[in-house]
Amino acid sequence: MAGDAPVIVRVQTDDFDAAAETARLTGDGDAGAIVTFTGLCRDEGGMLAALELEHYPGMAEAEITRICREAVARFSLLGIAAIHRVGKIAPGENIVLVIATAPHRHAAFDGASFVMDYLKTSAPFWKKEHFADGRTGGWVDAKESDDRAREKWA
Amino acid sequence: MAGDAPVIVRVQTDDFDAAAETARLTGDGDAGAIVTFTGLCRDEGGMLAALELEHYPGMAEAEITRICREAVARFSLLGIAAIHRVGKIAPGENIVLVIATAPHRHAAFDGASFVMDYLKTSAPFWKKEHFADGRTGGWVDAKESDDRAREKWA
Amino acid sequence: MTKLVYFAWVRERIGKGEEEIDLPASVKTGGDLLRHLKTLGDDYAHALEHENVIRIAINQEHVEHDDPIAGAREIALFPPMTGG
Amino acid sequence: MTKLVYFAWVRERIGKGEEEIDLPASVKTGGDLLRHLKTLGDDYAHALEHENVIRIAINQEHVEHDDPIAGAREIALFPPMTGG
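Protein chains in written order, with the UniProt record's numbering: chain A, 1 to 154; chain B, 1 to 154; chain C, 1 to 84; chain D, 1 to 84.
Hints are computed from structural coordinates only; laboratory data are not their basis. Glycine included, C-beta positions come from ideal geometry on N, C-alpha and C. Treat each hint with caution, since some may be false.
Stated by the list, open to error - Distance condition first, Cα-Cα at most 25 angstroms in a straight line; then the derived BS3-like pairs of lysine-lysine:
| hint | chain 1 | residue 1 | chain 2 | residue 2 |
| --- | --- | --- | --- | --- |
| 1 | D | Lys16 | A | Lys128 |
| 2 | A | Lys88 | A | Lys128 |
| 3 | A | Lys88 | D | Lys16 |
Unchecked claim - Not the full set, but computed from the structure, chain C residues with beta-carbon under 7 angstroms of chain B:
| hint | residue |
| --- | --- |
| 4 | Ala8 |
| 5 | Trp9 |
| 6 | Ala72 |
| 7 | Met81 |
| 8 | Thr82 |
| 9 | Gly84 |
Construct the entire structure; sequences and hints are all you get.
Encoded structure:
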């Protein structure tokens with residue numbers, strides 16, 4: 001199961017289509033559960049004009065792939081996809097997509113949640129805020145709550 | 001948030017479209033996280049021809065709505081959808097869809113997972129197996145693991 | 001008259017999906033109802049043989065076996081649920 | 001020569017995304033590298049002021065500050081990550 005489970009990883013500026021990626025992961029009839037996580041750019045009460053996403057090309061893809069493979073092995077997933085956008089992203093737009101498929105629901109929930117918790121703290125992406133009033137905000141600070149979320153899997 | 005969060009509940013014979021339901025739930029810009037759970041009919045190694053889903057009309061919708069409202073209140077969800085199919089469902093087809101939207105990912109994961117754990121043990125649906133060799137199997141037994149999954153939220 | 005509704009293998013074993021019956025005054029709880037129905041024939045006795053696994057809903061809400069049924073318009077009997 | 005790459009506010013403060021530099025033999029760990037770079041000018045000193053928050057990757061894999069950098073083709077310095 002872990003050996004040949006499809007692992008789809010991409011970093012791209014274009015938007016993604018959760019339904020199309022789900023169709024790529026499923027099809028062999030073993031999957032009883034699909035959990036899809038979509039992370040979006042919030043509008044922060046109308047203050048935010050855009051987020052600018054920077055990444056470390058090469059390492060970003062490698063790190064997400066490593067996290068995904070660990071999730072497949074740990075939760076016996078049937079498949080996993082993780083797609084992260086970069087560049088300028090407007091409020092309401094998609095940022096990240098994670099899809100986990102498994103025979104049963106708890107593995108699929110855990111797989112998708114695990115990938116997000118590790119991706120947040122280990123994958124080399126950084127967010128910068130651009131405000132609606134024209135100001136460029138600072139780089140978004142890392143959250144201690146994200147570190148704690150990751151630690152619960154240790 | 002809990003008071004006016006959209007709660008979409010349906011029991012239907014037709015298939016559902018996760019993307020269309022997600023679009024109905026989102027749109028106001030507060031959502032930073034969407035978690036979608038899809039439960040499918042497994043093929044059980046080719047042995048299964050179909051599952052037949054029976055429900056208690058009226059109570060099924062009422063019970064799912066009660067569970068969804070509890071999830072909205074408990075996890076401060078921005079919206080929740082739960083759609084359950086009934087009738088004959090072939091392997092690979094969808095059975096159930098749950099979508100939870102929230103400002104942050106852990107609430108969305110917990111909301112969708114909570115609804116599934118309660119739906120499994122409290123919503124009046126029953127599955128009967130029809131096998132590929134023409135035999136009608138028995139009614140699917142309830143799983144103790146589903147009761148334990150629900151108890152972890154108590 | 002009280003409306004009784006049955007689902008899944010409870011329905012199949014009793015041989016009908018619903019019926020209206022007169023209940024004796026001695027039937028005060030869901031558990032009393034199960035024991036009364038089992039006296040009505042082999043089909044009922046077979047369907048309700050293992051009382052502790054039968055779930056009861058009154059007016060479309062789950063109740064315990066020892067909850068009173070007074071005022072029930074509709075009482076449902078069914079096996080443990082297996083949806084989702 | 002060793003290739004150094006910088007991201008996010010480390011990149012902005014140093015004023016460039018990458019460079020190739022000769023490292024003295026005394027620079028043996030990631031921590032040594034940070035302290036060496038801070039001697040190269042105010043931009044570096046500002047970027048790397050709080051050493052403990054700077055993350056280091058060697059050949060595109062995360063390392064600790066006290067891990068050796070021997071054999072590194074590419075060393076990356078960046079702030080804590082905020083993707084997802």
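Going through the hints against the structure:
1. Lys16(D) with Lys128(A): OK: Lys16(D) and Lys128(A) at ~17 angstroms, within 25 angstroms.
2. Lys88(A) with Lys128(A): holds (9 angstroms)
3. Lys88(A) with Lys16(D): holds (20 angstroms)
4. Ala8: holds (4 angstroms)
5. Trp9: Constraint on Trp9(C) satisfied, holds at 5 angstroms.
6. Ala72: violated (13 angstroms)
7. Met81: Holds, because the Cβ-Cβ distance from Met81(C) to chain B comes to roughly 6 angstroms (cut-off 7 angstroms).
8. Thr82: holds (5 angstroms)
9. Gly84: Since the shortest Cβ distance to chain B is 4 angstroms, the answer is holds.
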